[in-house]
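Protein chains in written order, with the working numbering: chain X, 1 to 168; chain A, 1 to 257.
No wet-lab data here; the hints were simulated from the structure. On a predicted model such as this, the values are computed, not experimentally measured, just so you know. Note that beta-carbon positions come from the ideal geometry of N, C-alpha and C, so glycine has one too.
Just some of the chain A residues that point at chain X, by a computed CB distance under 10 Å:
id : residue
1  : E43
2  : V57
3  : S62
4  : W64
5  : V67
Listed below are the simulated DMTMM-like cross-link pairs for lysine to aspartate or glutamate, each with C-alpha atoms no more than 20 Å apart in a straight line:
id : chain 1 : residue 1 : chain 2 : residue 2
6  : X       : K138      : A       : D16
7  : X       : K143      : X       : E131
8  : A       : K212      : A       : E189
9  : X       : K138      : A       : D18
10 : X       : K143      : A       : D18
11 : X       : K138      : A       : D20
12 : X       : K143      : A       : E5
Quick look at which bits of chain A chain X covers, simulated, 3 or more residues with Cβ under 8 Å:
id : region
13 : 8 to 14
14 : 68 to 78
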Amino acid sequence: MEMLYHQYKRRVFGMAHRIVGTSDAEEVAQEVFVRVFRGLATFRGDSALSTWIYRLTVNAALSHLARRGRRHEVGDDGLTELPAPPITERDSALAARIEAALAQLPPGYRAILVLHDVEGLSHEECATILECRIGTCKSQLHKARARMRELLGPSIAAHAMNTSGSPE
Amino acid sequence: MTTCETIQPRLTAYLDGDLDDERGSVVRGHLRECAACRQLAREEAALRDGLRVLPPVDPPPSLWAGVAARLAAAEVADARKPRWRRTVARLARWAPWPPTMPQYAAGAVLAAAAVVMLYWRTQRADEQLAAGPAVVVPVKRMPEPPPPRPLPSEAIDPAAVAPAGDDVTADLRAEPARTTASYDQVIEELMKLASEARPAWGDDQKAAFDTKLVALRSGIARAAPGRTQQRAQRALIRYLQNAVVRDDVVLASRGAR
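Construct all of the structure, not just a fragment, from the sequences and the given hints.
Here's what the structure looks like:
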């Protein structure tokens, strides 16, 4: 049981952190692991274990956001108050801005960006986890990135200019 | 003719390598000529790359302790639940429908009920069909015990309602003996039918019949004359009827009749 925990703790906590924010990430991650351990005996192997765990994580995170939304009557704008996580990478400025913009996205967009772009899952895996069609998944990703570009504004444009010369 | 409006929705798929060669070539050709779309593509690529290299977030050390505490609390809560709720929860975990779709649960329950009802009715129809030969095959007509006559109420004086000149009281006194004699006659006829059917029986069946017959006859012999004895006689009649009918059914189902 602990081996499974150590294998998935970073990804589960990371996904929860980026979908629900810093303050509630631990609570959501705990809930996910409890569901994993209590449901492991009945896991039917319809999908990969990792896909099943990520699905539990996304469902728990989105349910948590829905509950929190009902409780505090706040919209997505309320998420802007969440503090950015600690940054250790070289390009910490852009990373911090991306994390802040991510926190302002609607939960559905946040989930697809975290799964596909942050965690690097395929569209097939994302569709399985989000229980939607692959086409829907691709369309949501496109809209989510467009919204992120809007939120990041000139900062992402400047970064793009400073990096590669061609998107090809 | 490709325009920015037709290209921009495909940029995400193009950057992720999800477009086939032909469509990818069309997007690439447009990007070579259109500075605005090229800038858009650069920004999206930078965003995608920025998301990909976001640093992992380490969980706090308290996470495992919290998980362990919740697991323990859940076990305690489970233990406090009544047995039927634990059984229902266990069954629900194995339910064929996903628990995330409760709107289908009611439909599934109704469908299951319909299937059970259909199965039950089909089974009954099969059973009736299987029992059919006993009904459709002409079975030997067997004498039935005489229907019990209504006993006169003690409050009514038979002599008062009986036609004058008839000894109704004496007739009523003789009634139990007549019923017993009638039952004896029925038993005798049934025994003849049983002895005709006997050669077709197996040894076990014969032995069981004889044993039961001895027991029922001794019951009649031990019973006090009157209603008790008649009750014992009716028990023997029912047994003989069943034995002979069963034999007919067996033979009919084998096509022997």
